[in-house]
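Note that the protein sequences, when read in sequence, are chains A and B.
Going by my numbering, the first sequence opens with residue 1, and the numbers climb by one from there.
Going by my numbering, the second sequence opens with residue 1001, and the numbers climb by one from there.
Bear in mind the hints are in silico, worked out from the structure with no lab data behind them.
Keep in mind that this is a model prediction, so the values were computed, not measured.
Every residue gets a Cβ at the ideal spot worked out from N, C-alpha and C, and that includes glycine.
Take these hints with a grain of salt, some might be off.
Beta-carbon label-pair distances, calculated as ranges [as the list claims (entries may be wrong)]: (1) B/Thr1346 x A/Gly167: 35 to 43 Å; (2) A/Val130 x B/Val1052: 33 to 41 Å; (3) A/Gly229 x B/Val1341: 23 to 31 Å; (4) B/Arg1061 x A/Arg226: 46 to 54 Å.
Not the full set, but computed from the structure, chain A residues with beta-carbon under 7 Å of chain B [to be verified]: (5) Thr112; (6) Gly143; (7) Ile144; (8) Ile148; (9) Arg158; (10) Gly159; (11) Gly167; (12) Leu204; (13) Leu285; (14) Arg320; (15) Ala324; (16) Ile327; (17) Ile328; (18) Phe331; (19) Ala335; (20) Arg337.
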Amino acid sequence: MTDRSAAAPGRPVDGLLARARRSPVLWAVAALAVLLLFNLVANPGFFSLRIQDGHLFGNLVNVVKNVAPVLLIAVGMTLVIATRGIDLSVGAVLAISGSVAFTVVEGAADPTSGGTAALAIGLAVAAGLVLGAWNGFLVSVVGIQPIIATLVLMTAGRGIAMLVTDGNIVTAENPVFDWLGGGFVLGLPVQVVITALVLLAVGLFTRRTALGVLIEAVGVNPAAARLAGVRARSITFTVYVFVALVAAVAGLMVTANVSAADANRAGLFIELDAILAVVIGGTSLAGGRYSLTGTVVGALILQTLTTTVLTMGLPDEYIRLFKAVVIIMVFLLQAPRVRAALRRRRGPAATAGGAAGTPADAGPVPPDPVRPSVPEPAAGTGSVPGRPAEQGVLR
Amino acid sequence: MTVSDTRLPEAPGSPPDPPASPGWQEAARRWLRSTSTGSSTVSVLMTAVLLVVLFGAGSIRYENFGYPQVALNLLVDNAYLIVLAVGMTFVILTGGIDLSSGAVVALGTVMAASLLQAGWPAPLVIVAVLATGSLLGWLMGLAIHGLQLQPFIVTLAGMFLARGICFAISGPSIPIQDDLFTAVAINVVELPGGTFLSYGAVLALVVVAVAAYVLHRTRFGRTVYAIGGSESSAALMGLAVGRTKVGVYVISGFCSALGGLLFSVYILSGWSLHGIGLELDAIAAVVIGGTLLVGGRGLVVGSLLGVLVLGTIKALIDFDGGLNSWWTKITIGVLLLVFVVLQRLTARRAGSAS
Chain A
1 MTDRSAAAPG RPVDGLLARA RRSPVLWAVA ALAVLLLFNL VANPGFFSLR
51 IQDGHLFGNL VNVVKNVAPV LLIAVGMTLV IATRGIDLSV GAVLAISGSV
101 AFTVVEGAAD PTSGGTAALA IGLAVAAGLV LGAWNGFLVS VVGIQPIIAT
151 LVLMTAGRGI AMLVTDGNIV TAENPVFDWL GGGFVLGLPV QVVITALVLL
201 AVGLFTRRTA LGVLIEAVGV NPAAARLAGV RARSITFTVY VFVALVAAVA
251 GLMVTANVSA ADANRAGLFI ELDAILAVVI GGTSLAGGRY SLTGTVVGAL
301 ILQTLTTTVL TMGLPDEYIR LFKAVVIIMV FLLQAPRVRA ALRRRRGPAA
351 TAGGAAGTPA DAGPVPPDPV RPSVPEPAAG TGSVPGRPAE QGVLR
Chain B
1001 MTVSDTRLPE APGSPPDPPA SPGWQEAARR WLRSTSTGSS TVSVLMTAVL
1051 LVVLFGAGSI RYENFGYPQV ALNLLVDNAY LIVLAVGMTF VILTGGIDLS
1101 SGAVVALGTV MAASLLQAGW PAPLVIVAVL ATGSLLGWLM GLAIHGLQLQ
1151 PFIVTLAGMF LARGICFAIS GPSIPIQDDL FTAVAINVVE LPGGTFLSYG
1201 AVLALVVVAV AAYVLHRTRF GRTVYAIGGS ESSAALMGLA VGRTKVGVYV
1251 ISGFCSALGG LLFSVYILSG WSLHGIGLEL DAIAAVVIGG TLLVGGRGLV
1301 VGSLLGVLVL GTIKALIDFD GGLNSWWTKI TIGVLLLVFV VLQRLTARRA
1351 GSAS
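Work the whole structure out from these sequences, hints included.
This is the structure in structure tokens:
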């Protein structure tokens, strides 16, 4: 206790810095800033924006537009991961949704009418809901590990999409889908607007109501959450339905972009991109904590990286290698042990006061002098839920 | 996902000889009960029955299906997948997962093809590919154990890295014209009855045998099972948890690279898009073979049978001709589901019994 009061004079600055260092989102923001800075030096044209016919154009707009489907899925994935789950089937759901929509449009009597588009979109979304309910059922009712439960649909899903399209790439023209693919609202691409609205809605629903806390409670400890009166099963079920729903919407976007539904290629590896965006954004795969802001930043990092490689004129074969290297670096920086080592290296002075550096480890909430009587071990265990225990939980 | 089982495998692979067995049934029952592989043996038997039923149904339905060579072709056509599944079995037995194996297969094919094209001698190429796979596995193992990162996310990064290196080496497909590789691809081992096995299939069977030996007759193998049963208990018992955990990823990396070599012999080309989704086939084979995904229980023979079940399904769909290839994916998905649900149900029963 004396140690803490001794450290108190320096706390405002130190505390802020320490908090910032511990915030995983900050690492992601820093990475994005470095990337943008690099672009500022390497290709000055990167930041030029222009308005043409009342629409915004430019590299940055491309980044934001191309990121829309991935980000949309990543938002759903964030909630799933927050419940300590994962959904590998989003790519397959995306392909099924696109296939359903374009098969409907192609087979309709009047392919260009608005009614056809409405029917197509309705059926595609319904397909997404059904598939999400299936995943949610397997995970929350049957109790299968999420990786495996969704692996089933990931494996079978592309087969189902092929079944829908009869193995062909379905092309169709419809004004509604053209608008979805290349239209603008208030000068911004439609897809960006849709994604922003979904993001806003999810942010409001989870942070302005108790839903976000309940989701995190399920992620920390499903059994305890249930005993505390949280309807853990319904919440788990709902997040899987939601992620499939946004995957279906992303499927409509992706197919509209190219005016073709390709059951094999549409959304291939998008589940990995979405998961990476979430993880880079600082959401722990062990569940219990999540950051939508982090997810947005993570998705932007991935897309900026791709755009950077392309605008620099490097062959796009290198995109994957670049992505891999950046991702590995972010993972390493997020590894608890590496960060602990970094903290230690910052100088023993910062932590010398606390026995075994407990105050420094006390998590995002700075040690509160109002409750000074809490014994050290309790403060250590109670601060960050499951920090040391989170490893190896996701089996 | 509470890991409730703290059971420790009772020294797998040391089946005590039942003294003066009163009858073979009693002996069999006692053996099943006394070895920790007992319940695994039952699930492996289930997989074997499934394989026989599938193959039998095929023989009745399609007139040329019943030939012995069709059965042997399951080994020939899936040799690389068998090797891959063996590596995956080690990892899953410790409760981990390796998502990088498909990408390492691709890396193996691309490396082999480009190095051969550059004029390296074939034996050196083989060593280089195997060393690269093992190195990658070692690095991932270090990250998983040393940095306490989740296997899922580390091997995901490994998958990206391996595919990235593939693309950086060569985007387009490279043909392989090396004498040794083509000789291995063309020549076969003659078996009685006019049947044959490819060298790759023989090698795959050898890998299975070696893996079974390592898992059941060595300290390393016992530690693998112990870690899967309960990692903390294994550590408290003083077992070499760290070395073993890193070791299984090295083995998986090695097996993936070997699978890549077999794959490049099988189709004589190196391409960065080879083997997409192969890791999922391997995981599916391991699960169908009766290995528990939480680790600690399973047999490598089961994974072999799991691969053969997948191969039989592919063969059945090929033989039918009227069915399209996407039915393969759907069937494998459904089969995976059935086995996972079965695993879940047995786990529940075991949980309520204890």
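Evaluated hints:
no.	hint	in the structure
1	B/Thr1346 x A/Gly167: 35 to 43 Å	holds, 37 Å
2	A/Val130 x B/Val1052: 33 to 41 Å	holds, 35 Å
3	A/Gly229 x B/Val1341: 23 to 31 Å	holds, 29 Å
4	B/Arg1061 x A/Arg226: 46 to 54 Å	holds, 48 Å
5	Thr112	violated, 30 Å
6	Gly143	holds, 6 Å
7	Ile144	holds, 5 Å
8	Ile148	holds, 5 Å
9	Arg158	holds, 6 Å
10	Gly159	holds, 3 Å
11	Gly167	holds, 6 Å
12	Leu204	violated, 30 Å
13	Leu285	holds, 6 Å
14	Arg320	holds, 4 Å
15	Ala324	holds, 4 Å
16	Ile327	holds, 5 Å
17	Ile328	holds, 5 Å
18	Phe331	holds, 6 Å
19	Ala335	holds, 4 Å
20	Arg337	holds, 5 Å
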